[in-house]
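Protein chains: 2
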Amino acid sequence: MGVMDLVAKQPRIDDAFGRVLARCWEAGAAPWSVVEVIERDDGLIAANDASRYFSEPAQWSALDRWAWEQAEGRILDVGCGGGRHAVAWVARGHEVVGVDPSPAAVRITRERGAKAVVGSVPSLPEDLGRFDTIALCGDSLGLLGGPEQAPQVLSALATAAGPGARLIGTGTDPGDGADTVHADYHSWNLSRSRARGQLRLRVRDGAVATPWFDYWLASPEEFAAAVDGSAWTLETLHRDPAGSGYAVSLRK
Amino acid sequence: MGVMDLVAKQPRIDDAFGRVLARCWEAGAAPWSVVEVIERDDGLIAANDASRYFSEPAQWSALDRWAWEQAEGRILDVGCGGGRHAVAWVARGHEVVGVDPSPAAVRITRERGAKAVVGSVPSLPEDLGRFDTIALCGDSLGLLGGPEQAPQVLSALATAAGPGARLIGTGTDPGDGADTVHADYHSWNLSRSRARGQLRLRVRDGAVATPWFDYWLASPEEFAAAVDGSAWTLETLHRDPAGSGYAVSLRK
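Those protein sequence lines, which keep their order, are chains A and B. Note that UniProt numbering has the first sequence beginning at 1, numbered continuously upward. Note that UniProt numbering has the second sequence beginning at 1, numbered continuously upward.
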């Protein structure tokens with residue numbers, strides 16, 4: 001049998017993200033103790049230091065620090081990962097419930113002293129109660145998924161929010177695509193009726209991968225348009241003057 | 001268009017390995033400055049510190065150090081990468097010619113003061129002259145490719161070897177496959193008429209990947225069988241008593 005006849009297999013679908021977090025946590029979250037490999041559906045691959053999921057507030061970006069400090073009262077931490085933001089809120093005396101699709105991420109967050117449940121947007125678990133703050137820190141505004149999914153996600157988050165609650169979080173502008181790799185991806189996305197910065201990603205680890213998921217890098221204008229017509233009002237959008245990040249605060 | 005309708009693209013074929021080496025070299029070969037991502041054709045993915053391709057002799061395994069020290073006279077460095085072994089031989093006064101399929105790897109090796117040409121086994125460039133030592137250090141015995149390819153590779157290397165020349169190198173025993181991930185791969189290989197440890201790999205970097213290539217983890221017995229009947233005679237095989245590595249010396 002020649003090499004040319006061989007067909008490659010796809011990885012098995014499992015909690016690849018949680019496996020990465022678990023090994024990193026077991027390694028004391030030491031820098032580069034574990035690598036997170038993320039694949040985009042155009043074949044782009046990226047390898048990052050997984051210890052960033054366990055970074056301390058002093059290591060966060062100014063935008064994430066700002067967003068994190070806006071939190072008040074009872075907090076829903078959407079995409080809590082290994083508890084990076086939740087544990088720091090608990091240390092400040094907040095009641096926090098983390099939610100993450102990764103069972104291992106939820107286990108780690110709990111071990112670290114914060115409540116957490118397995119789940120994802122828009123179909124959140126139903127018995128979470130009402131929150132004063134809905135948090136999508138650490139660039140988790142990407143979990144809005146895309147222009148089509150965002151209304152359902154914002155609606156589900158509004159249902160979990162008490163009267164006058166706030167939604168805080170950080171996101172990334174996909175930029176003008178001057179970089180060739182990303183420009184091609186943006187064009188490809190537009191050609192298949194997707195938003196320019198609507199990434200289709202999966203985490204790969206060893207023989208397993210997460211399912212593909214949508215992660216939306218919305219421009220501030222796209223984000224504002226998604227909020228418009230939702231149960232939320234955009235109160236503040238801080239843009240990183242030197243980079244592509246932004247932080248938001250919305251009011252229900 | 002729903003997520004389910006989307007078809008993922010394959011990465012573009014290019015010198016992904018050389019890109020990894022080049023970025024790492026530009027970063028001063030600092031640990032974890034660049035990550036090398038290797039994909040196996042069963043979907044397994046591995047992420048390694050690329051700086052190991054620029055390690056100094058003191059950092060090598062005892063087996064690699066032993067093999068490297070066996071080199072005499074004019075040396076052909078097969079799979080020279082970024083010149084890890086070649087540069088150290090040049091420092092010892094040897095004449096070395098590196099050969100690697102990666103144009104960027106060849107460029108880096110040259111920048112570091114060793115001769116190198118683009119090429120691969122079994123179809124080596126023809127004008128290399130004769131060598132006293134054929135070197136496959138750094139686990140490059142895997143470049144024998146598999147039981148089918150090995151005779152052609154060993155023959156091509158014998159053609160480049162002068163009378164009485166030696167072939168030195170290091171390899172890895174695939175083991176008994178007690179580990180589940182690898183046991184499944186070994187079984188799959190056997191089911192498609194391949195050697196148990198005959199890995200089909202590609203390096204991925206950003207939007208590009210190398211072509212798939214065969215890399216053979218032969219047991220010492222399989223290796224000896226491949227040498228048997230070739231122009232080479234197996235003189236020494238040192239097995240790591242604690243691990244899966246081995247080092248060999250062959251005589252033409």
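Rather than coming from a laboratory, the hints here were simulated on the basis of the structure. There may be inaccurate statements among the hints.
Copies of one chain are not kept apart here, so a pair can be met inside one copy or by any two copies together.
[Said to hold, decoys possible] Straight-line distance between alpha carbons at most 20 Å, and here's what the computed DMTMM-like set of lysine to aspartate or glutamate pairs gives:
1. K252 to E72
2. K115 to E95
3. K9 to D214
4. K9 to D41
5. K9 to D42
6. K9 to D184
7. K9 to D173
Checklist entry - 20 Å Cα cut-off: does K9 pair with D184 within a copy, between copies, both or neither? => result between (26 Å within a copy, 12 Å between copies)
Item to check | Homo-oligomer pair classification [D42, K9; C-alpha up to 20 Å] | outcome: Both. Shortest intra-copy (17 Å) and inter-copy (5 Å) distances satisfy the 20 Å Cα cut-off.
Checklist entry - From the Cα coordinates, with 20 Å as the cut-off, is the pair K9 and D214 best called within, between, both, or neither? => result between (22 Å within a copy, 16 Å between copies)
Checklist entry - When no copy is named, should K9 and D41 be tagged within, between, both, or neither for a Cα gap of at most 20 Å? => result For K9 and D41, both the intra-copy (16 Å) and inter-copy (6 Å) Cα distances are at most 20 Å.
Checklist entry - Is it within, between, both, or neither for K115 and E95, if the alpha carbons may be no more than 20 Å apart? => result Answer is within; shortest intra-copy Cα gap is 8 Å, inter-copy 64 Å.
Checklist entry - Between the shortest in-copy and the shortest cross-copy C-alpha distance, which are at most 20 Å for K9 and D173: within, between, both, or neither? => result neither (34 Å within a copy, 24 Å between copies)
Item to check | Within, between, both or neither, where K252 and E72 count as close if Cα-Cα is 20 Å or less | outcome: within (14 Å within a copy, 77 Å between copies)
Consistency note: the structure conflicts with earlier hint 7 alone.
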